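Those sequence lines, one after another, are chains A and B. Every letter in the first sequence is one number past the one before it in my numbering, and letter 67, counting from 1, is 67. Every letter in the second sequence is one number past the one before it in my numbering, and letter 199, counting from 1, is 1199.
It should be emphasised that the hints constitute simulated quantities derived from the structure, not laboratory data. Remember, predicted model here, so these are calculated numbers, not experimental data. Check before you lean on any hint, since a few could be wrong.
[Said to hold, decoys possible] As a list, the in silico PhoX-like pairs of lysine-lysine whose alpha-carbon atoms are at most 25 Å apart:
| id | chain 1 | residue 1 | chain 2 | residue 2 |
| --- | --- | --- | --- | --- |
| 1 | A | K42 | A | K27 |
| 2 | B | K1269 | B | K1119 |
| 3 | B | K1119 | B | K1243 |
| 4 | A | K27 | B | K1119 |
| 5 | B | K1081 | A | K27 |
| 6 | B | K1081 | B | K1119 |
| 7 | A | K27 | B | K1269 |
[Claimed, not checked] A few chain A residues facing chain B, derived, Cβ under 8 Å:
| id | residue |
| --- | --- |
| 8 | L14 |
| 9 | L20 |
| 10 | C21 |
| 11 | Y26 |
| 12 | G82 |
[Said to hold, decoys possible] Facing chain B, from chain A, some residues (calculated, C-beta under 7 Å):
| id | residue |
| --- | --- |
| 13 | L19 |
| 14 | P22 |
| 15 | L23 |
| 16 | G38 |
Don't be surprised by glycine CBs; every beta carbon is placed ideally from N, CA and C.
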Amino acid sequence: MTQPATDVEITETLDCRGLLCPLPVYKAGVVLSRLASGDVLKLITTDPGALEDIPALARQRGDTLIATEQADGTQTFWLQKGGAA
Amino acid sequence: MTVHSPPGLATDRDLRRYDDIRDLLPDVDNPTPLVRLSRSDVGRLDLYLKLEWLNPFGSIKDRAAAYMLDALADAGQLDGKEIVEASSGNTAIALAALAALSGSRLTVTIPDGVPEEKKVLLRMLGAEVWETPDDLCPVDNPRDGAIALARSLAASEGGSRYVMTNQYESRHNVRAHYETTGPEIWRQTDGQIRYFLAGFGTCGTITGVGRYLKERDPTIEVVAIEPQPGHRLPGLKSFAEAKEPGILDRSVVDHVVRVDDEPAYATTKRLFREEGLIVGPSTGAIVHAAARFAVDRSGIAVGVSPDGGHKYTSYFAELLGDEGLPAF
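The following block holds chain A by itself, in its conformation from the complex (with noise of 0.2 Å):
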């Protein structure tokens, strides 16, 4: 899962680009909590835990987690709320 998710509906893009893990574990918490099932959450983040950290996320909460590419220092992951459909 290294390709972009380009054929998604993306809810909310949640932009944690200069954070450091695990603030964007953090918000990406919040934010979905708050939305419905079967949402998607594109999330942005520069610190590379990240890699590690939001898989563990999304595991944790029971989320999936769609796609992941990392391009120019950035990693962006596509969290969708709820298991895989």
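Given chain A's structure and the hints, the job is docking chain B onto it.
Just chain B, lined up with the frame of chain A:
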């Protein structure tokens, strides 16, 4: 915010008249009260509680908060920055009040499970409250999510936006107790104190007071109270699950007494009913520990009563169940 007002009467501590709420902050000439427990079974100990909830912002944390903010201001580190701190409530409340007085903003990362009362008070004071699960970091899973989050806020954006008072690492937290709480207790007991009891938390109190008292009299014994893992005693820390703060000086701690939640809350209820003391649960933990520690010991003991009971009414409602309601 500066409001122009006519010159008032000068602060006069003898009259308990204050020009500014900050003038109430304690020191050796303006100590918090020391009250003897006269109806509690603590063996041959003469146990006094230092009522820290009579500080202006309601807890022992007023001391450290004032010292830490003053140190940041003196170093020019507050200029244009927002303050961030990890706190189970009391430090944050003191910081929020002091920040409001100086026109600063405060963001608090607060562990989940802290009573609603504290979170509401913080928001009333204008602070932003970020409730944080202890297991926030899903990878390495330390039990201090609020601290990790506050640190990451302070370090993010090149450190340009936030400054962290960092009560777990700040020497000014220790200094506050070394310079105020310790000398107050020494003076209030005429130097006759034999035992000092305080909880493990940030460890500013036990390190600062313990160090001061042992410098005055090395035979004074310092007793730390530690809760059990998974406890519900806000402000206290179990080092079986939380990282030991960098400011803890173990060399001043002679004994560690571990307490369970149930007797701590039972003792809190008893302090309400038998001593007329409206205290928070950590005071119950400390008094319960004192009763266990009292076996085969005598002399003057001073325990810290870190905060009052008003901020825990939702916890106490659970404790009481139907008790005190009409039975018909």
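Results for each hint:
no. : hint              : verdict
1   : A:K42 - A:K27     : holds, 12 Å
2   : B:K1269 - B:K1119 : holds, 23 Å
3   : B:K1119 - B:K1243 : holds, 24 Å
4   : A:K27 - B:K1119   : holds, 19 Å
5   : B:K1081 - A:K27   : holds, 21 Å
6   : B:K1081 - B:K1119 : holds, 22 Å
7   : A:K27 - B:K1269   : violated, 39 Å
8   : L14               : violated, 14 Å
9   : L20               : holds, 4 Å
10  : C21               : holds, 6 Å
11  : Y26               : holds, 6 Å
12  : G82               : violated, 17 Å
13  : L19               : holds, 4 Å
14  : P22               : holds, 5 Å
15  : L23               : holds, 4 Å
16  : G38               : violated, 22 Å
Hints 7, 8, 12, 16 from the earlier list are contradicted by this structure; the remaining hints agree with it.
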